[in-house]
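Student: If you read the protein sequences in the order shown, they are chains E and F.
For our numbering, count along the first sequence from 1 and bump the result up by 34.
For our numbering, count along the second sequence from 1 and bump the result up by 34.
Mixed in with the good hints there might be a few duds.
Which copy? The list can't say, so a pair holds if one copy fits it or any two copies do.
Unchecked claim - Computed list of lysine-lysine pairs in DSBU-like fashion (alpha-carbon distance at most 35 Å, straight line):
id, residue 1, residue 2
1, K73, K431
2, K249, K431
3, K247, K348
4, K73, K459
5, K249, K348
6, K247, K403
7, K355, K403
8, K403, K431
9, K249, K355
Since the hints were derived computationally from the structure, they do not count as laboratory data.
Below are the chains, spelled out letter by letter.
Protein chains: 2
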Amino acid sequence: MDDIVSRLTRELGPDAVLLGDDVRARATGWGRPGPCLAKAIVRPRTTDEVSRTLRLCWEAHQPVVPQGGLTGLVGGTVPAEHEIGLSLERMTAIEAVDPATRTMTVEAGAPLQAIQQAADEHDLLFPLDLGARGSCTIGGNVATNAGGNRVIRYGMTREMILGLEAVLADGTVLTSLNKMLKNNAGYDLKHLFIGSEGTLGIVTRVVLRLREKPKSHNAALVAASDFANVAALLAAVDGGLGGTLSAFEVMWEPFYQLVTSEPARNRPPLAYGHPYYVLIESLGSNQETDTERFEEVLGQAMTAGLLADAVLAKSRAERDKLWAMRDDVEQLGRLAPIFTYDVSLPIPTMPGYVDEVRAGLAAQWRDPKCVVFGHLGDGNLHVIVSVGNGDLPTRRKVEEVVYGPLRTRGGSVSAEHGIGTEKRKYLSWSRTEAEIAAMRAIKQALDPRGILNPGKVLEATEIHARA
Amino acid sequence: MDDIVSRLTRELGPDAVLLGDDVRARATGWGRPGPCLAKAIVRPRTTDEVSRTLRLCWEAHQPVVPQGGLTGLVGGTVPAEHEIGLSLERMTAIEAVDPATRTMTVEAGAPLQAIQQAADEHDLLFPLDLGARGSCTIGGNVATNAGGNRVIRYGMTREMILGLEAVLADGTVLTSLNKMLKNNAGYDLKHLFIGSEGTLGIVTRVVLRLREKPKSHNAALVAASDFANVAALLAAVDGGLGGTLSAFEVMWEPFYQLVTSEPARNRPPLAYGHPYYVLIESLGSNQETDTERFEEVLGQAMTAGLLADAVLAKSRAERDKLWAMRDDVEQLGRLAPIFTYDVSLPIPTMPGYVDEVRAGLAAQWRDPKCVVFGHLGDGNLHVIVSVGNGDLPTRRKVEEVVYGPLRTRGGSVSAEHGIGTEKRKYLSWSRTEAEIAAMRAIKQALDPRGILNPGKVLEATEIHARA
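All chains should be modelled from the sequences, with the hints used to inform the complete structure.
Tutor: Shown next as structure tokens:
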């Protein structure tokens with residue numbers, strides 16, 4: 035047995051360290067059924083055990099790959115043969131829900147859905163929501179600064195985190211479990227760990243900001259005849275609905291057709307033939323007056339010529355159906371093999387961007403499929419491309435077509451999925467040399483031996499390579 | 035002339051470098067009329083000039099103190115004799131307001147009020163607002179992560195910044211002018227500079243997130259008979275008003291009496307005799323229905339026994355009067371000499387905290403004055419103490435009384451004002467050794483020579499002391 039593995043086994047006990055087939059049988063990410071190549075998976079039960087694990091790995095210059103619910107899309111949780119996986123799967127406690135401070139303190143392995151339910155049981159809301167809610171963990175949400183469906187109202191994961199505890203590469207426990215909305219006592223260290231994909235520390239506990247639970251829901255699906263109308267509609271509903279707009283999800287027609295045609299379970303609530311369909315949702319405090327307002331604002335938009343067609347959800351069931359349609363991303367499998375992208379760019383530049391991507395694809399492939407949808411209110415588009423046979427050379431060519439036009443538009447190769455290994459090559463297309471150098475300086479400062487998730491986000495450092 | 039000063043003068047031209055009496059005549063912070071002791075004040079006109087200034091200072095191991103509107107309260111902009119001030123006063127341009135992306139790009143020296151007005155002219159809102167709006171600059175707001183009156187609705191300055199440009203200690207220009215709500219392409223470097231009080235870089239440009247301008251305003255002043263009712267009221271109005279609650283400002287009775295009695299210009303809108311007075315404000319989208327909702331929610335609170343008394347602002351003038359009363363902090367001068375504190379702590383612990391502070395003061399001084407008010411919805415209290423003659427030994431004793439009881443409550447010695455030099459001694463009362471060590475590691479990584487605002491937030495490093 036590898037020396038570090040036997041030391042970890044002695045330190046934490048054999049049930050905490052998976053080996054051999056128990057490791058091989060594990061997945062490593064969404065759409066990555068395995069085998070997991072890691073030389074061991076360590077499953078600590080406490081922050082202290084995470085600390086002791088990292089201390090031993092630090093001493094041995096042993097690279098470690100933190101793992102949460104394994105629903106990431108960019109390879110951020112995939113270990114190589116010489117690496118050890120550190121899974122938070124036994125640290126799932128919801129330690130405290132405190133309605134008085136409207137906070138919840140949880141271990142990092144707690145699944146998002148369990149957190150949503152615990153908040154709900156206290157008549158409060160934890161607003162982060164995304165398709166993987168049943169499997170993803172809050173630690174993974176923090177590590178990737180997850181976005182999801184309600185960013186326009188409640189922000190990214192970053193905005194929902196008041197404090198956290200992280201273990202640094204050398205095993206130092208950094209406990210920063212702030213519960214206040216305001217705390218300007220020195221640097222706000224939590225931001226180092228949020229969105230850095232496990233490369234600067236392993237998050238072990240989190241203090242979440244809870245919100246009052248909405249008492250009213252309204253939703254509508256509308257169609258628009260050009261992109262300028264979509265943009266004007268966003269401004270109109272955001273202003274008109276006060277602080278209650280909670281989603282503004284745009285579907286380009288090819289996506290809408292896909293999720294409303296056989297074998298999809300949903301039928302089209304609005305006729306085909308419009309270039310854009312928008313799912314609009316508001317969450318408020320009074321069903322009667324909020325519905326009145328919602329209908330009034332959409333009526334004004336109709337009068338102003340922004341809408342080509344519209345249908346209001348008249349019940350909870352109708353609203354759920356609109357969301358089920360929007361969330362039915364499994365239909366994308368009908369286009370397989372596919373490449374999926376998650377980009378952000380200034381809203382006014384979107385139509386030109388999509389045109390350029392389509393033209394770029396058409397220049398290289400016959401009959402390319404390009405399906406676009408996304409959280410438009412956040413500047414975030416998901417672009418799904420189906421061309422050729424899905425092999426790696428094709429993929430690289432598609433990446434150039436999809437990521438290239440972002441460069442002149444100030445866009446980002448990752449809106450919400452992160453960089454991992456999948457997009458590392460393109461980080462420099464969204465960030466300057468000076469920015470990447472500053473990231474390296476931070477990595478070097480907090481993990482000088484480069485043992486934490488090496489090669490994710492940034493190239494593995496030479497220091498680690500020497501170890 | 036000092037060697038570095040002459041080099042800077044040659045590099046930027048004589049009008050960019052103030053010397054002698056021109057320096058002495060300057061203020062260094064709020065309530066600090068001067069003289070400014072710096073050996074020079076450099077006033078660059080462009081990011082490139084900031085970069086050239088820092089490169090020269092870096093080479094010379096010359097400490098630099100960045101300066102904005104000089105309205106800070108914690109000594110963060112005060113230079114010593116051997117230091118050079120770097121003022122952003124000639125970089126005040128509002129470079130672009132872009133309604134399509136709802137962003138504004140400004141130079142760091144732009145005053146907050148000019149930014150508010152520019153947003154307003156485009157029928158948009160930049161929601162940051164604080165008393166110093168006419169003098170403070172956005173660069174200073176960013177450096178201190180300023181809070182203010184509407185944090186409960188719109189967050190701190192941090193939440194309003196999409197991108198920024200900063201110059202690092204060695205003159206490297208880090209341009210990260212992101213305009214999207216979502217960008218997970220690597221570490222989010224802006225958070226390093228927000229709230230680090232000019233110790234990690236000098237912010238030169240900022241991309242601001244603008245919001246739709248509210249179309250309705252409602253406000254009320256209410257009285258409550260005990261703190262549990264105040265806390266329950268917060269939950270009730272936050273839930274009942276949907277996303278529109280924009281302020282929940284609590285005044286303990288002594289503060290209320292101070293701002294409603296001669297020579298203050300305002301008379302008490304509600305009778306004296308209640309322990310707590312709360313200014314509640316909502317900003318929404320429809321005056322008629324929002325007012326109806328506002329009155330309904332307060333009516334329910336009254337029925338539930340949460341309110342001892344209430345008065346609604348029936349007009350813009352009445353609302354402005356309520357705010358003028360709350361903002362009339364000049365009345366605190368009647369208690370001079372005073373010490374002012376800005377703490378945050380979990381809301382449920384507040385009454386016990388205030389009792390403990392009062393008891394601590396009464397144990398040491400005869401007839402101490404302790405006036406409390408604050409942004410309660412954010413967990414933020416301002417505590418004003420008047421005892422003894424206001425000398426430094428008295429002040430240190432008062433600090434122990436005010437900051438001490440925060441330690442067991444997980445509170446912070448700085449909610450929104452920052453640490454500067456004034457609170458440096460107490461940083462360890464709100465942050466662990468591990469947290470402070472991590473802050474030092476970051477400082478060391480970005481400013482290894484310790485030339486940027488040395489001694490602010492953290493003790494000056496040995497490295498700088500050796501230089």
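Student: Confirm or reject each hint.
Tutor: Quick rundown of the hints versus the structure:
In the homo-oligomer, the alpha carbons of K73 and K431 lie at most 35 Å apart inside one protomer (34 Å), although the nearest pairing across protomers, at 57 Å, exceeds that limit. Proximity of K249 to K431 under the C-alpha cut-off of 35 Å is found in neither arrangement, the shortest distances being 48 Å within a copy and 49 Å between copies. Taking identical chains as interchangeable, the C-alpha atoms of K247 and K348 lie at most 35 Å apart whether they share a chain (21 Å) or sit on different chains (29 Å). Taking the closest pair of Cα atoms, K73 and K459 come within 35 Å of each other only inside a single copy of the chain (26 Å); across copies the shortest separation is 47 Å, beyond that limit.
Within a single copy, K249 and K348 get their C-alpha atoms as close as 16 Å, and across copies as close as 27 Å, so both meet the 35 Å cut-off. Taking the shortest alpha-carbon separations for K247 and K403, neither the intra-copy value of 40 Å nor the inter-copy value of 40 Å comes in at or below 35 Å. Taking the shortest alpha-carbon separations for K355 and K403, only the intra-copy value of 26 Å comes in at or below 35 Å, while the best inter-copy value is 61 Å. For the homomeric pair K403 and K431, the shortest alpha-carbon distance inside one copy (15 Å) is at most 35 Å, but the shortest distance between copies (72 Å) is not.
Proximity of K249 to K355 under the C-alpha cut-off of 35 Å is found in both arrangements, the shortest distances being 19 Å within a copy and 32 Å between copies.
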